[in-house]
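Residue numbers (the numbering used here), protein chains in the order written: chain A, 1 to 284; chain B, 1001 to 1359; chain C, 2001 to 2685.
No lab work stands behind these hints: they were computed from the structure. Errors might be hidden in some of the hints.
[To be verified] Below are the DSSO-like pairs computed for lysine-lysine, each with C-alpha atoms no more than 27 Å apart in a straight line:
hint: 1; chain 1: B; residue 1: Lys1203; chain 2: A; residue 2: Lys280
hint: 2; chain 1: B; residue 1: Lys1285; chain 2: C; residue 2: Lys2559
hint: 3; chain 1: C; residue 1: Lys2344; chain 2: C; residue 2: Lys2435
hint: 4; chain 1: C; residue 1: Lys2434; chain 2: C; residue 2: Lys2567
hint: 5; chain 1: C; residue 1: Lys2435; chain 2: C; residue 2: Lys2404
hint: 6; chain 1: A; residue 1: Lys196; chain 2: C; residue 2: Lys2435
[As the list claims (entries may be wrong)] From the structure, some residues in chain A lie toward chain C, with a derived Cβ separation under 8 Å:
hint: 7; residue: Thr14
hint: 8; residue: Phe15
hint: 9; residue: Pro16
hint: 10; residue: Asp20
hint: 11; residue: Lys23
hint: 12; residue: Asn24
hint: 13; residue: Ser28
hint: 14; residue: Val34
hint: 15; residue: Asn185
hint: 16; residue: Ala198
hint: 17; residue: Leu199
hint: 18; residue: Leu206
hint: 19; residue: Phe276
hint: 20; residue: Ala278
From the three backbone atoms N, C-alpha and C, an ideal C-beta is built for every residue, glycine too.
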Amino acid sequence: MNIVVCVKEVPNPTFPVEVDIQKNAVKSEEWNYVINPYDEVALEEAVRIKEKFGGQVTVITLGAERAGAILRKCLCIGADRAILIPSDSAFAWDGFAIANVLSKAISRLPHDIVLCGYQSIDRGGAEVGSIIAELLGLPVVTAVVKLDIAPDGKSATVCRRLERGARAVKRSPLPALFTADLMLNEPRYPTLPCIKWALKQEIEKLDVKSLGVEAGPLTEFVTISRPPPKKVFIPTGALSPAERIKLLTGGGAAKKSSSNIVEGAPHEVAKKVVDFLAEKRFLL
Amino acid sequence: MTLGNFAFRVAKGLFTMEGDIKMTGAKGIWVFIESERDEIRKVSLETLCEARKLANGLNEELCALLLGDKVESLAELPPHYGADRVFLMQHESLSYHNVDAHLNVVANLVKENSPRILLFGSTPLAKELAPRLAAQLRVGLVTDAADVKIDASGKLVVRKPVYGGKAHATFACAPATPQMASVAPGFMDVKPPDASRKGEVVKLALVAGGKTNVEFIEFIKGDPRTVAITEAEMIVAVGRGLEKKENLSLIEELADKLGASIGGSRVAVDNGWVPAERQVGMTGKTVAPRLYIACGISGQYPHTVGMERSGTVMVINTDRNAPMFKLADIGVLGDVSQVVPAISKRLSEVIAPPKEKAQ
Amino acid sequence: MVPGREVYWNIQYGQFLYVLAAIVIGIMVFAFYRRVRLWRLGRPENRVDHLGKRLRSFLVAAVVDGLFHRKFLEMFRGVGHRQTTSDDLKPRDFYPGFAHFLIFAGLGMLLLATFLDFISHYFFHFLTGGVYLAFSVVVDSFGILAIIGVVLVIIRRYGQRPTRLDNRPEDLVALVLILVAVLTGYVVEGFRIAATELVRTPDWAPWSPGGYVLARAFSGLNMETLLGWHRGMWWVHLSISLGVVAYVALSWNRLWHIIVSPMNYFFRSLAPRGALSIVDLDGERFGAGRIQDFTWKQLLDLDACTRCGRCQEACPAYAAGKPLNPKKVILDLKDQMVEEGKSKTPTPVRDMITERVGEEEVWDCTTCRACQEACPVAIEHVQKIVDMRRDLVLMRVKFSTELKGFYKNIEENGNPWAKSPVSRGNWAEGLGIKKLGQDTATDTLYWVGCLAAYDERISRIAIAVSKLMKSAGVDFAIMGKEERCCGDAVRRSGNEYLFRKLVDRNIEVLKKNNIKRIITHCPHGYNAFKNEYPKFGGDFEVLHHTQLIADLLSKGALKAPQKELDKRVTFHDPCYLARYHDIYDAPRQVMASIPKLDLVEKFQCKEKTFCCGGGGARMWMAESGGGRRISEVLLDQVKAVKPDVLVTACPYCMTMLDNEVREKGLETAIQVLDIAELYRNSLGE
């Protein structure tokens, strides 16, 4: 079972995002970069499939030279081969352009399964996986929370995450492409022998030009702006330490406010409340 | 690597957007309408209302695309929200989970009618359908839009949250048509329907279903009683104001009527009213449901930090000064044990028993 | 006639004793050799470094510990390595220590007497006349003391049955064998005295009180019988005594501790208490997942254990009802060693961690070092537990989800929180604190640490420390966003690889900025910089803020507090300050400078301090394994002295105690403060 996993480096989400209006860009000088969490889940799934069925896991990324670091991390987790397609503006490429390059690269690799993260946490398009599948002519299921390969290796039964805890169970012939939801698995922490092995591996490089990509991007970046203002919570000493620890490890949250208070006899209040819920379309 | 670099890269011509917009006769705005439990989904209506504004600006026709296995009864509705025309295709192969069938149908329709803009509401179906369609048609797509506009050159310009919402980025679609976007739920307003408005309903027959790769096996309904609290769409949360465990049945009744899940503050967990994995707040889970009903929760920070990203917040409390009211979209001043049963009663008067039906 | 005793009186072929003794010694050597082979299952480790220092401290310890039983009696605690106070002279663990002392001294004296007899008989005839009588009365009395000691021990073990002791057959065997050996000696003596001194020189007889009593009992028998019995009992006594030794040797009875425990003391670690061993990252195996991964000295430790249970009694996790019992860990490892020594298969019969010691146990440890402080034979528990954690983390990746998040956060953010390093210096905004590299060239760094940098409650400690340093004119800077995790908890949780990455990075930055002196309010950071960083090339002068404040106060650089406190205050000694570094006077000096501060000491304070439960990365792990929270047990001790203010000097202790005080709804009754905050509050500003 040969598996190709598409990964992406994303800015560490704990870092502040400040928009420089003059430069029409975000200030990224202090950022560091991590593997996109969805992609890490996809990789973990690939490694688990490999451990069960044998084969090879290849990770591939389109990104800056710096992204070699996350590829190395992928090797630590259990990928056998890592390919970097260098580009210094991968974030700005639109989903189609990225998918186009990746699909060209994947088509050169043996693949029974292609796995992607459901979405990236920076641009959050949730589109690249589906486009790759379309370009490669592969069946696709996105937001997979469960992935079972048939013992004969010819098909896969997957569980797709829908809204409100609902699931759709689907079956796809292989080869196919699946995108991983965060609930699919919990990625492993690498062992030190694996880390040491990974440090010795070479990251292969693939030149975009050699792939013969002719189609360009289909969307164009225009501007970046600050989001509507939000207050960021700073934990205070008034909170108990357990709560502060929980909050700090979770990274904090944001606030909102507005008010509209009704009072009176319960049945009158109930009428107003139900009207409100109906208006907001919460009633089934 | 910043967004700003991109313009530079484009200028250098690694990839270029081909020339100016040439609207090759493409006309009209299409909105892909989805239904759920015999109703049009809210996000579809949001998209439709927003598309109406674009159509007005362009002075072009707004068409609703209504596909599905049982959607005929809904065909009258899109015009109430601004659609000029409804393309209706009802066929059993167009079940919600058959993305391949939808893809084939929409691709053919688009090729035949060449709309200028095609919009989706961002739903599980659209998340698979829209990118595949855009790839097949080689047209630009921006997903999860917070805002859609048309610029002077006629390009569809879309603003969307990036970096987890810490910034918003704007993208323009390439001139190739249809220019596509999917609209994230909750950013746009739904105008009250105008029932007098009528539109033309064009019934289409399914010509060729095309190949279906992925076989749909089963739909597993999310049970609000058991779904993970972080995944719940509506939450009724209880706190100290519940007073006693016996009152929990009142909450359960309300939650069942709404199809909501039950959560609780730390006090509720400590008192054994709700299990620990359903605790909302700093020492519990962080949730962001569409509707959060706080029953007898005063709203100390450890709790509110876990729910303040909820969409609509309703608060029921006897204390007018409870901090929880600051977060309320609607607040009820009263005792949980009286207000909650009254709401449940009113709900049963207003709504028919919940229909057991897949999306 | 001159008083004296004829050796081999009434005995023929007495010299056959030497043959038997030689055989027994041979057996002992053989048994010892078999054991050495077991120890050699372990990896090599140099424990014969600093021989002079080892010998000297061994002799001092042998004299102090051996003769006075310092550790056993829990008295004279300051002797050897600390300042002694009158409090230290009170024995706290009297009964078992005293009983052991009696047996030790009694048998020691009998051994010495036998040796002196031998000298006197063959070489230099000095045991004669008054000297002999004095010798006789002393030796005889010590023998009786040994018997009393054995009886006391039997009463304790089988009557009182304290929980820290687990009785095994070998304990009773050892006690009975001692008793029989000593008693038969008296019987032989009794027959001899009855046949000789009572008849010829009755004045001498009472000088051998033990034998005298028995001799009086035997005195009615006729001479033939007495002589016969004496000869018989002499051989019985000889056989039993040598037989005891042979039996003890071959069965590797607990009495081997007479030799192994002093050996273990000689080979003990001379490294600072807070320095863990260094993992060879170029090796193949990291940490201890099987018995062969320990060093020979760590295996020697297992045999040095006498199962006295002092570690069990001292362990906070055990006291809180958690699965961990340090004594059981050592004994489990010993069983593993014996099993592996016999096993012919290359893979362990039972997995050392999961099937023998238990994973829960390995993770329960807070590395507070109370067990090692209590251990009379210098067993190193903490290192073994960390070694096992290293195996779980680096080789098997078996650890809790919280730890995974903890490591991920440290790797990505340089702190255990999901917080960006960019905001690390935010707490200092507007306080006029210099930041390294920006506006200063000072060589003194204030290391703030992850807790104070992000947690607002702990930031208040950093603010207090910064303000008092500024007021005392200390020229210092902080690193701000350049600061990263110091690695203490990372290392103690077993992730040596991540620790080394942090150390290398931190040393590089510190050296680049020419830092010579580091001041910190965190005892864990203090330990890391003082004891662990030097091994990796980072040599800095390190000061804990309690030391700094005490020093500045004594020099007059800091204003003496003016405001009367008029409150009951208790001080919680952080483990990494008191037990690891003997720093417990400095905070008390600071408190003494505050007018009308009523200091009440907790039941367990100073080097006996009871851990808060947060060390060894425990703060980032969920409570597990049942039992109470360790901090809950600690708070019970605090509540017992009814303080208004609970002072500590460690951000971990602060966090755990503050949390516990809130859990119990005592936040208005007990104020939890850092020593720096206490000082600042009493300035009256």
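Quick rundown of the hints versus the structure:
no.	hint	verdict
1	B/Lys1203 with A/Lys280	violated (31 Å)
2	B/Lys1285 with C/Lys2559	violated (48 Å)
3	C/Lys2344 with C/Lys2435	violated (61 Å)
4	C/Lys2434 with C/Lys2567	violated (36 Å)
5	C/Lys2435 with C/Lys2404	violated (32 Å)
6	A/Lys196 with C/Lys2435	violated (36 Å)
7	Thr14	holds (4 Å)
8	Phe15	holds (5 Å)
9	Pro16	holds (6 Å)
10	Asp20	violated (15 Å)
11	Lys23	violated (19 Å)
12	Asn24	violated (22 Å)
13	Ser28	violated (12 Å)
14	Val34	holds (5 Å)
15	Asn185	violated (13 Å)
16	Ala198	violated (12 Å)
17	Leu199	violated (11 Å)
18	Leu206	violated (27 Å)
19	Phe276	violated (36 Å)
20	Ala278	violated (39 Å)
The structure fails hints 1, 2, 3, 4, 5, 6, 10, 11, 12, 13, 15, 16, 17, 18, 19 and 20 (numbered hints given earlier, in ascending order).
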